[in-house]
Every structure is written in C-alpha cells, then in structure tokens.
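Novice: Produce the complete structure using the sequences and hints provided.
4 protein chains.
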Amino acid sequence: MGQLDLQAYNVRTDLALEAKEMAEQSGGVIPGIHSERQEEDGIVITSLHVQDEQGAAAIGKMQGHYVTLEVPGLRTQDTELQNRVATMFAKHFETFLERIGVGKTARVLIVGLGNWNVTPDALGPIVVENVMVTRHFFELMPDQVAPGYRAVSAIAPGVLGITGIESSDIIQGIAERTKPDVIIAIDALASKAVERVNTTIQIADTGIHPGSGIGNKRKGLTKEILGIPVIAIGVPTVVYASTIVNNTLELMRQHIETNKGDSNQVFGIMNQLEEQERLQLVKEVLHPLGHDLLVTPKEIDQFIEDIANIIASGLNASLHDAVDTDNVAAYTH
Amino acid sequence: MGQLDLQAYNVRTDLALEAKEMAEQSGGVIPGIHSERQEEDGIVITSLHVQDEQGAAAIGKMQGHYVTLEVPGLRTQDTELQNRVATMFAKHFETFLERIGVGKTARVLIVGLGNWNVTPDALGPIVVENVMVTRHFFELMPDQVAPGYRAVSAIAPGVLGITGIESSDIIQGIAERTKPDVIIAIDALASKAVERVNTTIQIADTGIHPGSGIGNKRKGLTKEILGIPVIAIGVPTVVYASTIVNNTLELMRQHIETNKGDSNQVFGIMNQLEEQERLQLVKEVLHPLGHDLLVTPKEIDQFIEDIANIIASGLNASLHDAVDTDNVAAYTH
Amino acid sequence: MGQLDLQAYNVRTDLALEAKEMAEQSGGVIPGIHSERQEEDGIVITSLHVQDEQGAAAIGKMQGHYVTLEVPGLRTQDTELQNRVATMFAKHFETFLERIGVGKTARVLIVGLGNWNVTPDALGPIVVENVMVTRHFFELMPDQVAPGYRAVSAIAPGVLGITGIESSDIIQGIAERTKPDVIIAIDALASKAVERVNTTIQIADTGIHPGSGIGNKRKGLTKEILGIPVIAIGVPTVVYASTIVNNTLELMRQHIETNKGDSNQVFGIMNQLEEQERLQLVKEVLHPLGHDLLVTPKEIDQFIEDIANIIASGLNASLHDAVDTDNVAAYTH
Amino acid sequence: MGQLDLQAYNVRTDLALEAKEMAEQSGGVIPGIHSERQEEDGIVITSLHVQDEQGAAAIGKMQGHYVTLEVPGLRTQDTELQNRVATMFAKHFETFLERIGVGKTARVLIVGLGNWNVTPDALGPIVVENVMVTRHFFELMPDQVAPGYRAVSAIAPGVLGITGIESSDIIQGIAERTKPDVIIAIDALASKAVERVNTTIQIADTGIHPGSGIGNKRKGLTKEILGIPVIAIGVPTVVYASTIVNNTLELMRQHIETNKGDSNQVFGIMNQLEEQERLQLVKEVLHPLGHDLLVTPKEIDQFIEDIANIIASGLNASLHDAVDTDNVAAYTH
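Chains as they are written, first to last, in the UniProt record's numbering: chain A, 1 to 333; chain B, 1 to 333; chain C, 1 to 333; chain D, 1 to 333.
No lab work stands behind these hints, which were simulated from the structure alone.
Do not take every clue at face value.
Said to hold, decoys possible - Below, simulated DMTMM-like cross-link-like pairs (lysine to aspartate or glutamate); rule was C-alpha separation at most 25 angstroms, straight line:
(1) D:K104 x D:D321
(2) A:K219 x D:E224
(3) C:K179 x B:E224
(4) A:K179 x D:E224
(5) D:K223 x A:E176
(6) C:K219 x B:E139
(7) B:K223 x C:E277
(8) A:K179 x D:D321
(9) B:K179 x B:E224
(10) D:K260 x C:E277
(11) C:K223 x B:E139
(12) B:K219 x C:E277
(13) A:K91 x A:E129
(14) D:K104 x D:E139
Because the structure is a prediction, the values reported are computed rather than measured.
Specialist: Laid out in structure tokens, this is it:
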C-alpha cells in the first residue's frame, strides 16, 4: 500500500494510558504493567506503574509512575466541577509526590513549556502566571516565611522560534544556578483520542522526552540530564485529523455491530485491518495533501484557561500545606 | 439507518462554491448558475452568479453574486504571498462593488461579526480594529477631507452571550442613526472541506443569513431587513470532525481507485453510499457521543491575524482611491 | 499674567465631590447642595444632592444625586478589601436605584465607554466583559427565566477613532431598538486630586455630558437625548501633570504652616494666589511645552482590572436579587 | 527641614545624560567626561564618554560609553519619523558595537527585562517578541545559514514576583549554557525629566546595575558578573510625581524671569533653594502621603509598542548585515 515514513506509522501518543490501551487491544494483559482505576464524582483516576523493561517496551513508555485524571465533563464549563477536579488533582498530586519520595520541604521549580502565542500550546505558560511563587521570600527573608510553605519558583522558557535556545538548555542553566530539588514541567500534548482532548490530565515521574508534547522538542527534561527528578504534567489539547478519522471508523464499526449489522459487508476489507494498518492508510492519504492537520476544538481559549486554573490551583494546594486542599481555587484568579 | 435530525443531514456550508460543487456531484451542470474561474499566481478566483430561483434552489444559496479567492499557500505564512492576496482581494472587491452598483462615494459601515474571545471566531473584530475609519472626519470637518476618501465607519457588535442583544439588532440600530449606503459584514465560517479552512475568502452580495457563520445567529443582516445592500465577506476557520472524516473517506476511495484497487472490495457498502448518506452515517455515530466537535487548526492565532490583515488592507485599498492598490499592506499594521 | 484659554483655566473635574470642595474653599457653605458623609471600614461614602439651579451653578455640576465611595486602600491590592468595596458598592447602588425610582424589573442597558486599547481608558469595556447579561434569555425563553433576575444587556461601543461614530449615536441607535428602561454608563475620569486616582467611584443620575471622561466626547448620554434615565458610574484613572503640581504646592504650603514656618516667606507671592490662579500659572508654563500630560500610575493595568471587577460584581448583585449581596465577587471572574 | 531618607534625596536617574546635566548645573565643566552632540532631522544624538574615576564620581555613573537618542516628536505617532529613528538607531548601534570591540560574528543574547503584565515595564519583553532569533539555525544546521547573519538568541526572564528568581540569576544560568559573546539588555527606566519619557533611548556599555530600571533589581547584569560585555538599552517610561513638580517649579522660575518678573519675590525662599533641596522638600511632603507615585502618560500602550518596534527593527538591522539598514521596519511587525 505504498511507502509511509515510519514515524507516521507509529501512532504517537503522549498518554501512557492510551499507549497501554493500544497495546492491550493487540495483546491482552501486559506483564510489567500494574494499573488501578477508581471513579469518583465523574472523575476517573488511573494509576499506572510501568515496572520494568518488559512493560516499558510493551507500551513504548518509560518505566515509572503515571496517574491520569479523566473528566469528560470538563468541556462543559461547569465551575463547580472544575473546583472538584482541582481539589482531586491536588490530593493525587500530593500522594504522587510522597510516593516518589519528594519531601515536604523539597524546593520546586515549575516549568511551563510551550508557546504563549499559540493558544492550544499556551497551557504551561498560563499555569506559570497563576502559581504562587515563594522562592524569593526564602532567599531574601528566610526568617519571615510562615510555616506551611516551601520554596517554589516558576519559569516559562518560551519556544525555540522565539528564543533561539532549546527550552531544556534554558531550564538546565536556571536549575544549575538555583538548585531546586525537583522540577515540575507542564506541557500541552497531542492525544490519539478526540474525547481526551481538554478532558484529561496526566502526571508522570518520567520527565519530558524528546518529541513529546505539541512543539518539536529536540532535547528532553529528565533526571538523567538534570540530576533531579522531573515530574511531567500533561494535558492533550490537540489531535491529528487522521486520529479523528481513525477513531471514527472504529466507532462506526462498533455502531454497525451494536445494531446487528454485518460490519464486514459494510466496510469490506477496511473492517479487517488492524487499527494501526487502518491509521497508516488514513495517514497515507491525508499526509501528502497537507490535510493531516493538528486540530483543536473551537472553544480552545476557554478550555486552556479553565484547565490552567485547575492545575495552578492544584499545585498551590499540594505544594504548600498552608494552602487548603478543600478550597484551592481561591488562591488563583 | 436510524433517525437523525434533518439539520445534521444537510451538509451545511457557508460557501456557495462548495454548495455548487456538491450539487454538481449529484447532478452535473446546474441551470441558473453561471460561474467563471481564473487562476493567477497560485490564487484561484471563482465568480459565481446565482441567476434565478431555480439556481438558488439547486444549490441552496440565495440569488446573487459570489466571488471566491482560494489560496492554498496561505497557511504557509508567506508574507509576500499575503501581500499579493491583499492586492488581488482589493482589485476584485473594487470590481464587485462596481458590478453591484455601489458608487465611489457610497458611505460604508463595516461590521465585524463574531466573538473576540474565541480565536477562530475573532476574524470580524480584528478586521474592524485594522480598517481605516473616516466617517468622523466627514461629519466633523467635511471641508478638510482630502479627495480620494469616502466615509467609512466600523463596529464589532459582539455576540449574544456578551451583550444580551442580537448583533443584527445592534447593527440595525446603528444603521438607522448613521445612515450608511452599504454594509460590509465580515464573519468567520464553517467549511465542509478541510483544505478551505483559512485559505479561502468569499465575497457575496447576499448579506448574512440566520444560521450562517460560526455562532448561532438567529436574525440575519440583509437588504430586506436593513433597506441597504449588505456585502458579506467570509472565511472558513472551522470544520466539523464529521466533515474531516467524510472528506477523508472520499479521498481514500479515490486513492484506492487511482492505485487500481477495487474500492468496492476495500470499502464494502460504504463505497456505494452517496456522499450525503455517508456523512449522515458519520454524524449519526459521532453526534450522540459529543465527538462531532467544531475544530480549527492548531496555528489558528497566526492564521486569523494574517487573514484579518489581508482583508483590512484590501478593504482600505478598494474603498479609498487615495490608498494605493499596489501596496495595500502598508496601511494596516 | 498672560493669556490662557478659558477651558484650561477652569479646573475641570468629573467628580461632583471635588467640585463642591473647590467651591467651598472659596466660599464656605453652598446653598442648594445637601451632602451627607459616612465612614465604614475604611470606606468613605458621600451622598451629594444638587437640589436646584443655584447649587448647580455654584459647583458647576448638573442637578441630581451623586454618591461617592472613597477607598484610599484600594491601591494596595488587598483582595478582602476589594470584596468589601464590591459589597458596599452593591448596597449603595441598589439604594440609589430605588431613590431615583428605578424598579426591580426595569430593563437595564449597561454601557462601557472608553477605549480598550488604552489601559487607563479601558474601565468601561472591561466591566462590560464581566457583567452578567440576561436580556437574551428574557427575549428567547421568557417562561424559563428564574425569579430574581431582570433583563440586562451590555455594550462597549468603542471610541470615535476606532468606529468613526460617536458612542452616543451608537447607544442611541441600540436603545431605540432594544428599549431599555434605564442606562448605566461606566467611564474612566480625570481627577483633580492625585489621591483619588483609582481609589474613588462616583455614581450619578445625571448621565454623561459632553467633555466629561478621558476621551473627547462631543455628544452626551443623557435623559434629554435618550428619553430614559442615564446613571453614570465613573472612576478617576488619570490626572493632569498640572494637577499634580498644584496639589503639591498646596500640600507644601500646609506642610510649612504645620511646621510653624512662614509660608509667605517661603513661597513669596505664590502663597497669596488663589488655588485657581496658581493652577493657571502652572498650566501657562506647562502647556506650551507639551508637558501638561495626562498621566496614570505605573500599576494601572492591575488597578483597572481590580476596579472593573468591583463594579461588575457590584452591578450583578444590585441588579439581580438572586445574586447575593454578601458574596458578589463569586459571580465574576 | 526634617529627616528624609538619603535615597530619596539623591535624584535617581538612569540616564547618564541627565546625570551629567545635573552635575553641570552645580559645577560647570566636568573633568573626565567627554561628550559630543549632533542633531539630524529632529533627532539629537549625544555621545558621552565617562573616561575615568573622577568623571564617574562626578556624575554618579559608571565609566564607559553612553549614546543617547532624543526624539521629542516620538510621542506624536508619526510612522515616518519612527522609521527614521529605527534607521538612525541601527546606524549608531552598529557604530557602538564596533567601538567597544564587538565583532561582526560575535554571538548575541538579547535580554528583555521587565514585567509583561505592567504596560510601562513591558518594553524589554515586547522587544524580545519582535527581534529575529537565529541561534537555533546556527546550532541545528550551521551549513545552511545564509551569509550576513550572526547567532542571536533572546529571552524575557520575567520579574521576581512571577518567577521567584532574580532575573540576573536566570540570565547567568542561560549564558553559562549557551555561551554568547555579548549580552544586550533592554529595560524600561525612570526619568527625572517629563519630556524624556518615551522620547529617549540610551545605549550604554556599562551593563545593568542594581537599583536601575523600573523594577527592584537586587543584582546587576554586568561584565564583572557574567564575564562578557553587557550593553544596556534603556528608555524612560515613567517619572516620579515629585520629579514633575520639581521640573515645573524650575520652569516656572524661568518663565517668570523670562517675563522680567522677580522670581525671588514670586517664589520667596523657594527660589533660593538648590534644585536638590527643592526636590527634597517636595519628596518630604509627598512621600508620607503615598502621593509620590511613579506615573506614565495615558497613551503608554501605544508608546511602548512604537518604541519596542523601533528598537527591535534597529537591532535586527545592526546585528545582521543581511538586514538592510535603510528599511529596517519591514523586518518586524
């Protein structure tokens, strides 16, 4: 069916949860992967532990811990739900920090990756504008900092096209001078499922890897490079046109079968393709025409602002004991 | 194949050119429609005249004149091409004004429809911020206005959710007080073809009709309502997910046939569906899941700014003889 | 001491309270003016009633009711104080509406005057973006509007340089079509006292008069013109350089006398000038050099946002019984 | 005349030209200072060389080279004048680079100091958004960079309240990793003369020193700290209220004398005060009342954008031979 570059063939997803689902579709239970799923108030939380090399290879994700919050209702601009998600995010992020051994006084550098001039890529910079920074108080008047706070700094390094510098180089330079104990990097992601766009938050202790996220990151932000743990918080905000098509073909297949139709008859050979093969075909058609665009919902401006507020509120509450987990939204605006 | 609301069935397009293409697919040449196509420097210009009731019924568009500029290269952020498009737009818009009898001194009200808080819907308001307004000089010091200018005013009325008032009521009120001779309304549109998003500009003398454009317009802006001609300038900036899927299925079919494959075998019954039936099926699957989103390319911020500048520059040059058609971009920023 | 245009001579102030203070300085108690002053929690509220022609002539302000909230602490970015001011504003605005006979169901059009591209003049437009509009619910589904709301619409008409149309013409056109019972117009003002900049809110039932506010308004928004009451809400956001100088000279005089100095000796003839004469001298010096600039504090971006939120919250609470006066801030963002 | 903190007493100015003028007022010609003044097309260019310790002590500025462009007309929004200033700035900046030994291929890091949320402090960040960055091309595909360009990177580090990190620490970290040969830092300044606000650009090879600029910089950006030359480009965008008063008192004195009045009689003892003493008195009065605000002209949004464009255009032309000095404005938008 013609040549297609290999990169396009691999359905790239930045979400470990999606990678696992894809791997399960072809192969069933995966050794080296432990996962737990709970649901509370319309929010699904999945904890995924990629325990060893085998698990990592099976789903194409680094060894480590991944926590995913899925909130389909987030697109409805329900303020109360947003507050609940912020509180839930704070709780799970706090647990996450504990589990990977980041203590109460560990000094944090929050990094907002992405381009503030490109709305679906502006998540990180907007979070940075809304988190509480406290490091300067610890530096300038350490005796006067109230208990219940830790030293937090924050930076949005910008993108290569604006600075001419890899954001990883900027962060590495800053980290070397300011010596944080841990980095929290926020980034907008691409999803391979339309329904996860702007409804899902992933926390991972594996850092930012080359090629992840929306922009073209050539260097990563990882413990190997920086010498300190890097926690990545990601939200899918865009999706490839080919992903939309492929998702829909699958939904159509299911729809026909649910309605007792014969999907083989309706779909012919298409119906017998593996998901990956079908996607390959779709990409093969769209790519040369320049139609395999990365797209984002029309309402992206509002979505980005809402989710950035959730993450900023959640970070404030989980990083500072003095900020109340029950009403985190009051600390951002 | 189940019920589906009729509105969803009708493939809505705001572009007369698309409507005509769709009609031709099912029926060949359409009586009552006259069209001419020319290509210059990578810009395709189509003039479409819906001459009578029969033509209007056949394509589902009002009687009137439509001119469409298609510039596939517009997405590449080529400044020089943008300047050429602005100049071309100015030239064709000037001709358009003449053809429909809008004279050199006709007083113009430019209306920027849409929501400035929603990037893909912000086209109209951004154009309004960038056009030259002159009406106040004519009102306050008529003797001192240099020759080569006409009275131009401009307003972005906002959307129902911000004002609580239909934009058509706002415009009608302003028009009654300020007595322009013609209204030029700029609006962002939905396209039924991915490749037309942010690459196509339509000029029409038929006004703005209820239900057109991105927002939910309940009342139109037409000569019938306002008593003066209303020229609509529209640019598709969003597309339905279902449109993307349907376009792609068609492309896949063509791709298979081009490669001497048997598309019936590959696609089964799907292959025998009319385009409209296939779209109906896609919508039937996506709609109940909330997946038939209106989406826009990731780079929408830059696209909107670029096209708004093209239109503003083009309007300045075509409305004022004193503004040079050859270098229109210099008059906006 | 040389010629000076008369307009410059008159110390223009948009605040009735300042006009009254100035008149009292020269002449003591003024007949035809009734005023009451109360202080609560660091907020000074003055109700001023210009009762007759004589009072109006004495202070150069229209007959009518004026309520002023002065909150020196507003510049300190104290969120709690801002909430208290919003609540206080809501309470007094509600009383104000009652006193001038605007009933619970009167339909309101909120008008945000000023230029959104000029930060100190952007107050009105920002308020409009943050108030709750409800008119469209009353129009489109009157049966379903919950009790405790009234029909509110809102518009920021822009300035002459952007639209080419007087904002009063835009408002008049809209009012004629949408038939509100009362207009509430928000505008940024010039103050004649540095300490009132961004700390004072004036409510008046006298409308907007030509020449008031920061921009150059050539036509007013008044009951005479529009046929319905016009309530003006104004906040001083700029001050003339000459005002700063004149204020300071007066403070220096007081400072010297407080410290038992002989201000005549220190200040010579300057000391014997009436305030108006002194200001005239200052203007005479600054004006020809282009130095009598309108200036605003460096922190204007934050100030404008804070006060716009106070006014929007206060309007929401006072216009809709269903919005709680005790926690008004929750309804804006 | 009472106590006053010493800092307030020293009339702080970030402009060497002002510092020299002040020193000359009290003492006449200053040894160790060489200056040249030329005027072209309404633009005054002053080159100031602080040659030794004595000169530095006399005017309170570091040894080094200072070039100042004064353009009173800049406030009038004359596009043609702006283009001329950009060209003139480019020419003089190029000469400046040569004179201090910065070669054609020296790699440059442009630093935009200041707070993008505070309009009068946003100059640096806006320049950064508008300069051409090229360093990544040199890093990623050195063979393909056209001749006539050098490696330029750019960063706006933000302010302490947003990042929790001194901007000098951020820059030092980035410089250590990216190894530029020279830093060009753009900053908004405070002026001690109203007429210089938004009309003056200073270039200096002395770096950024603690306490300069609008924000509170605790650490500097200097060759001593960074090991490479630091060129500072500064524009006064704010002025203290006390400065306005003091300037005006001086103008009034001159005005009276020009008109053959007896300024001693008019101004009493005030007239016999040294400028510094008079300013001290003004500050003594305003400061305790919180009235010694830093203010900026009402039109600051437009001014900042215009000057940022001039500087960005000028930098592009002077740093890259391939960018034409004669029409620099075309390379920014």
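Novice: Look at each hint and say if it fits the structure.
Specialist: Outcome of the hint check:
{"no.": "1", "hint": "D:K104 x D:D321", "in the structure": "8 angstroms, holds"}
{"no.": "2", "hint": "A:K219 x D:E224", "in the structure": "31 angstroms, violated"}
{"no.": "3", "hint": "C:K179 x B:E224", "in the structure": "22 angstroms, holds"}
{"no.": "4", "hint": "A:K179 x D:E224", "in the structure": "22 angstroms, holds"}
{"no.": "5", "hint": "D:K223 x A:E176", "in the structure": "20 angstroms, holds"}
{"no.": "6", "hint": "C:K219 x B:E139", "in the structure": "13 angstroms, holds"}
{"no.": "7", "hint": "B:K223 x C:E277", "in the structure": "59 angstroms, violated"}
{"no.": "8", "hint": "A:K179 x D:D321", "in the structure": "40 angstroms, violated"}
{"no.": "9", "hint": "B:K179 x B:E224", "in the structure": "15 angstroms, holds"}
{"no.": "10", "hint": "D:K260 x C:E277", "in the structure": "19 angstroms, holds"}
{"no.": "11", "hint": "C:K223 x B:E139", "in the structure": "24 angstroms, holds"}
{"no.": "12", "hint": "B:K219 x C:E277", "in the structure": "58 angstroms, violated"}
{"no.": "13", "hint": "A:K91 x A:E129", "in the structure": "22 angstroms, holds"}
{"no.": "14", "hint": "D:K104 x D:E139", "in the structure": "18 angstroms, holds"}
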